[in-house]
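**Q** Please assemble the complex out of the two chains, which come individually in their own frames, going by the hints.
Respectively, the protein sequence lines represent chains A and B. Quick note on numbering: this note's numbering labels position 404 of the first sequence as 404, and the sequence is numbered without any gaps. Quick note on numbering: this note's numbering labels position 11 of the second sequence as 1011, and the sequence is numbered without any gaps.
No lab work stands behind these hints, which were simulated from the structure alone. There may be inaccurate statements among the hints.
What the hints assert, rightly or not - Beta-carbon label-pair distances, calculated as ranges:
hint, chain 1, residue 1, chain 2, residue 2, range
1, A, 221, B, 1224, 26 to 36 Å
2, B, 1206, A, 182, 36 to 46 Å
3, B, 1051, A, 266, 22 to 32 Å
Heads up, the beta-carbon is just placed ideally off N, CA and C, and yes, glycines get one too.
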Amino acid sequence: MGLKEWVDKRSPLPDMWREHMAEYYAPKNFNIFYYAGSLLLLMVALQFLSGFLVLAHYVPSAEDAYNSVFGIMYDVKYGWLMQYMHVDGSSLIFVLLYVHMARGMIYGSYKAPRELVWIIGYILYLIFMAEAFFGYVLPYSNLSYWAGTVITSLLKSIPFIGNWVTIIARGGPGISGDTIGRFMALHVTLVFILIIGLIAVHILYLHKVGSNNPDGIDIKENKDSNGHPLDGIPFHPYYTVKDLSGFGVWLFIFAAVIFYAPTFHHIFLERTMSTPANALKSLPDVTPPWYLSPFYAMLRSIPNKNGGILLMLFAVLVPFLMPWLDRNPVRSTRFRPVTRIMLIIFFLNFFLLAWVGEQPPLPKYFFPERLGSVIYVGFFLLLPIVTMFEPTRKPPARVRYRAH
Amino acid sequence: MKKLLVIGTLVAGLGMGGMVAAEAETAPVLMKPKYTYDAKTIIAGAKLFAMHCMVCHSVQFMRYEFLTKDLGMSKADVHKYIMLPTGAGYKANMVSAMPVNMASKWFGRPPPDLSQMERYKSQDWIYTYLLSFYQDSKRPSGWNNHVFPNVAMPDVLAPMGGTWSEKGKLLKAGNESQQKFRKQVTDIVAFLRFVSDPSVIQRHEDGPWVLGLFALFTVFAYLLKKAYWKDVK
Ligand code: HEM
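Next up, chain B with everything else stripped away, as it sits in the complex (with noise of 0.2 Å):
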């Protein structure tokens, strides 16, 4: 009897919360990337971030020597595919040659730095937002966004991705296939989602060993305490 009541109690409280959360929500439905979360792809994200999204944006905690430190890449990469031209220490840090305040007038709000924006909005909001862009005549930069909307960025992709229409269509088509073009916005959003915690490689690399630690210390304590507690009858 108390067993079954229980159950009722957990089975109701579920219930309850399941119907509340069925409820249709209204912000628009988000796309997932899919991909492997590792070194080449960050590299590849990292590359058409400096050739296609540093004009504007800095991704200012990051530095260039996490790509050669934590990724693997060498100098010389870093230094043909994502320094500036103007070139930088590989200590310093990933900022955008555009000073802020010529960004303000032309944008009209200064590009923000992408540090944080994974953490902050969800690699799945970056996803689906650089995929939402379409052309607004009603917009100053002649853009639109549906996740975002009155943006004051322009499609920077479009050249890749193409051109299109709020209603979905094909306006321009650019020149990349759709699978590829897809396939390098998730590489810039997996290179996002790394800047947003570069930790994530030591964490991978430290927390085996220690959590293996643990486990064993774990172990020993349980047989010393087996030992003491033989005589509590």
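Extracted from the complex, chain A is given alone in its bound form (with noise of 0.2 Å):
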């Protein structure tokens, strides 16, 4: 007997393999907004590996951080590559995570039997939220300083323990030290372990059910005498190959913004975190990173602090129950234009609303603040009464797909 043979009888692995890649079964019609699932996982080991080469460098305190991170950057052979790496990735995925969202919405990936893989992926994404904003106090920069100020006051708001909890939160009346401590733990340990366990678990109930297609339909309910389904291949080696040289591009567009635009116009690497935490010089205009400036936007577009607080929480849970809001039992919208023309107008206004968070508080952006908050929520509610009565088009029995 082969030592792979003795391995085997005793591994898990081999059946795993079959279970999840060689014999998983995915729809062959596939199209570009399909990588960005894989392009995530590439993504997290890379921000895993950046994560541990900087945390090699950097020290957590009040007295340090800030120095050591230029320590990195000027001093670390290639400490450059790490930082940029960390810091681009990290805008990089809320990218993919947004394409890989907008995707589900518009094949309604959430409809049934794949609501739990929807609000796994949800809370993956609020998950991220957190490992972003923890991530970003650690370099005690000013606007560190400043964000990490505003954003844990917006716990003082919750009723009768609210000052307490933030005491906890910041570990002490204000950010210092004891904060970068508290956050580094949760960044590097915690958040991150709730982030890789969470992702297996949304890959295991996505290949429970099966993955959703453009179209919409399912690929189960018509196979070949073997149980295989018709319009389904073999994930390996066809969609490990597809995914590898999805890889590719997207590492080729990843180091094109580290090596020729790393702060990405200031987008990715804001100005504010190039100058040193500054408890006496508050910024005026602290807003937050590009891809939390939608709910920031709905938050200020409300003038009474806890009002902004509860819209802002409303929209940031409301996606949760899009299964359900959605009463049209077709899932794609290539077969529901209307629904479709919402969430064009959804999505153009999600940038509206991120460009607006991150003006200053100037009454001339409250217009734009107010109408992209109203459109916003005026989606989820419109959402059940256009799909029960929109013109749908029948889907085709089996998955178009054009050899090519």
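**A** Have a look at this one:
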């Protein structure tokens, strides 16, 4: 008996390989949006690598954090590469997350039987927000300091115990070295481990029910004599090689950003990250990174603080309900033009909110802020009504695929 | 019909953004320095910086050796034009000789470190700032600035660029032509831009190789995909 057989007899891996790769049948008609999932896996791995490397040089204290970050940039060999990978990587992860979620919305992937895949995915998105926020505070730049102050002060609005919770979160009355200590612990252990665990759960739940596809129809309804879906192909080797070429294109883009536009016009690396924390020099227009600013715009669109927080909470949480707000039994918006148009307006509006959320708090931005909030909320309120009555074309019986 | 609606929403969305953006901004308009960002400009700026700025300002993250290793300046030149007379190792950081507590006493505020100033404020800001000093007898230093009102720093470049009134009248000519002076200010800006991210040299050196490698990888991966997918009908 060879070593391979000896191990195979005792290992769960061959079965897992078959179940999730070699005999996992995926629809053959995936389009470009379907790369985002595997690219996210790649990026999380690279984020771990670059994070591991910068962690080896970073000093988590109020006195040294800022200088240690620039020690990495200036003095560590290829330190700038580690740093830019980590900074630009976090923004690019959110680019992919938004593409991945938009894909799910366009093709109705959140609908039965994939509700839990959607919900676990959305929890991942929220946890990524937390992970990014904790990471943001660590360099102890002035942006770190004020972003940390503003975001933790939201906790004060929790009824009765708000002040107490805020002090626990900060490790004192204000942002300090104690805050860095606990945010660092959260950033590199607890929240990170949650991300890894939930990614595994996300994929396991997906593989239980199978992938959706751009036509939104069930490939399991047409099977061959072996019980394999006629429109499905084994994930390995077909999608492993396809995703591999996706990796190539994406790594090219990622490297182009790092090597030629590492601050990405100061969208990925904001200017106020380049000045040390200063409790006396408040940033009048402390704005969150671009990927959180739509929600910040909604927070600001209501002049009353608690009202703003409630709207923001609603905006952040309501996508959990997508599977039930959408009443149309047909999944893909390829056959539901009205929902598709609503989605396009929703996405454009999300850009508008992201842009306005980055602007200083001036009266002239009230109007776009409020308009954006109304469109955002309006989308979710209209969705159940529209999807009940919208004109819907009949999807084809088999997925459409053009060999090329 | 569907296409029309999509285009309509796009246009409406863009129009809305434009409308808001078109409103007047209150901040002073910044001028843009024009130059080629290369070793020659940066080294010229480094020399001017050492002569006029480093009396007070440090660029503490920057090391002398970046000038030799990354920009190809000779050690002798660094010694002659950049280093303080007191000398320092080439591995040492470019720190001003002025003690911080003395500086605070003289100017009211310590002169900030300029390592990250370009990242923080932008090169347009620094360029405009250096060209926006005017004489103001109400200020302790006798100077003020259009971009940075009530600045504590005096116009150290006035002997070169001239002394100006608040309204922009030349009070005392400098010993450089305005064109030459602007070029010199531009050089200083280029140096500060380099200081804020010296990795630019290595990034642009390695970049083509890394991108080429990934492009090559993509080609092979794509051919592999083609080969496997031949039988998917
Ligand atoms: C790091 C975060 C995430 C990773 C690594 C990840 C990974 C994946 C992977 C590998 C797939 C299968 C390939 C594909 O369909 O693209 C997938 C499918 C899916 N994901 Fe995610 N995902 C993440 C976050 C999210 C988020 C935030 C959501 C939604 C809120 C989400 C919702 C979905 C849905 C609905 C599917 C099934 C799509 C379909 O079959 O059409 N995922 N995910």
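**Q** Hint by hint, say whether it matches the structure.
**A** Hints versus structure:
1. A/221 <-> B/1224: 26 to 36 Å: holds, 31 Å
2. B/1206 <-> A/182: 36 to 46 Å: Given range 36 to 46 Å: holds, Cβ gap about 37 Å.
3. B/1051 <-> A/266: 22 to 32 Å: Because 31 Å falls inside the window, the suggested range holds.
Of the numbered hints listed earlier, not one is contradicted by the structure.
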